[in-house]
Amino acid sequence: MGQTIKDIFSFEEYPRYERIGLLIFIVIILIFPLVVGHAYSRAVMIKFLLFALFGIGWNLIGGYGGQVDLGQAKNVGFGAYTTALMMVWWNTPFWITVPIGMIIAAFESFGVAYPMFRLKGHYFAIATLCVALVWKELFIFWDWTGGARGVEIPVKATADFVHMQFPSTIYYHYFVFFLFITQLLYMNWFKKSKLGYELQAVRDNEEAAASLGINVTWTKVKTYTITGGLGGVGGSFMAVYYLYIDPDLVMPLDLSILIAMTVLVGGAGSMWGPIIGAAILIPLDMYLGAWLALIGGKYGIDYMIYSFIIMIIAAREPKGIWGIVERMRRKG
Amino acid sequence: MLLGVKNLVKEFGGVVANADISFKLEKDEIVGLIGPNGAGKTTLFNCIAGYYKPNSGKVFFDGKDITGWPAHRTARAGIGRTFQVMRIMPNLTVEENTMIGGLCRTNNPRVARKEAQEILKLVDLTREANAYPTALPIATQKRIELARALATKPKLLMLDEVAAGLNPLETKEIIQTLQRIKEERNLTLFLTEHVMEFIMAISERVIVIAAGRKIAEGQPEEVAKEEKVIEAYLGERYAKGK
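Chains as they are written, first to last, in my numbering: chain A, 1 to 332; chain B, 333 to 574.
Each hint should be verified, as a subset may be incorrect.
Stated by the list, open to error - Per label pair, the in silico range of CB-to-CB distance: (1) 470/B to 306/A: 40 to 46 Å; (2) 422/B to 41/A: 48 to 54 Å; (3) 307/A to 339/B: 58 to 64 Å; (4) 13/A to 511/B: 17 to 23 Å; (5) 17/A to 345/B: 52 to 58 Å.
Source of the hints: derived by calculation from the structure; they are not laboratory data. Backbone N, C-alpha and C define an ideal beta-carbon position, used for all residues, glycine too.
Excised from the complex, chain A in its bound form (with noise of 0.2 Å):
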């Protein structure tokens, strides 16, 4: 118990320096909203943390476990809809449907999971982007989930922290955060356990694995389910924070493809990956879309942009940007 305890809060085989890093980062976070008054800056910050927060939990599977998973957005999709439609329902307390959610996206995940990992490779990121976009249309299709009209939380007159409704965008920064801070322990504590290790070794050498004793097929599964869950948390929170979702919102293909993609661009398999990546594309993708759309309506060019510079990190560093890092650090 006690050396679980340590593993989950020692951070202490990253350098020095990375040790340092991610201090600084906290500290940034902390008084960012502090210092930053405009809302629009407030909003990016939020959705920076928010897809770092998917980017933690897409990482086990898709980092640490090599797996290309491209349906990471059904799972924010049972999180949001399990918060939603309880909240709608039976009024029940925030805190109550993440787990609810977590769970249920878990056991769907592991129900998908042994067919889709008789496949591998592409063949895999494509079964697991098919899944996702039926779930989608499963949503807009059924009645009891509000369509394609979505939910609507109703608005409480007070602030609380059962509902998790706020009159200001500073509690959803902190409670953003809380949620990426519990990942991100939770990820600490994931890679130096035995699953960790063993999902390392698959993603390494599957026939080397084996040689050792792993069951392959089972560890992903595992991971899978693990990713399954950890997705959910982030679904319930844009449940609360928009208090308003649609299958449009939190089950799109665009929403698997850009949690993927933060991972992959900042560094798969990293503690760091998830950040750099989250850092890079959202702020790019919100700062430029605006202004683009505001100096003459140029909607779309912020998109070949976008496009642009994530092709010229997949050519040139397929590894992410810590990839960078990593190699500089092996080398020296």
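Please arrange chain B on chain A, whose structure you already have, making use of the hints.
Chain B only, in chain A's frame:
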């Protein structure tokens, strides 16, 4: 009997890689499996270790029928192996490569790490513990595979061409290492090789296969004199000419 193979057949789309092979391995033996290139040595290894399912025949290990078991189950049952084409985990350090083998027997990564450090000492890799394997020479990488397999605490260690690509000095060193670990860990060794100096120096008994069939078995010196063996290696002309 530690390992028993009975009438094992493995075909790939009509091409027979192993035809009706039977043999036994006793505990504490060092047995070599030799044969010319393409004789079916690696296929036989893969059938025993669970990478291929044999078309027919049986494999017994340590009193159990393990025919058709997947690779991770044979590993847990006590069959450790190395690969002919090396399969090192490139993004993990030498120590991590080794400790993952240890996780086969313990759920605690800390215990596995401590054991890995001992094993690295045994195979002379302590200095390289924190290095990444891809930067290291081939002979060192072979030792990493060996360390990793040892970490799973096998009863039987199967080494597929462990001396291939090594120079005479490195070959000598690996023979010494193997003899040392066999003593210290009470292992049974089963090796394939086509470097004859290596296999003849280390094996107590050899099994010869050619074109998928077992053609001879016995003491290394005796087997080397058998006509069938010479024929398989050098062609009919040399066997007759003797």
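Comparing the hints with the structure gives:
no.	hint	result
1	470/B to 306/A: 40 to 46 Å	44 Å, holds
2	422/B to 41/A: 48 to 54 Å	41 Å, violated
3	307/A to 339/B: 58 to 64 Å	60 Å, holds
4	13/A to 511/B: 17 to 23 Å	36 Å, violated
5	17/A to 345/B: 52 to 58 Å	56 Å, holds
Violated hints for the displayed structure, listed by number in ascending order: 2, 4.
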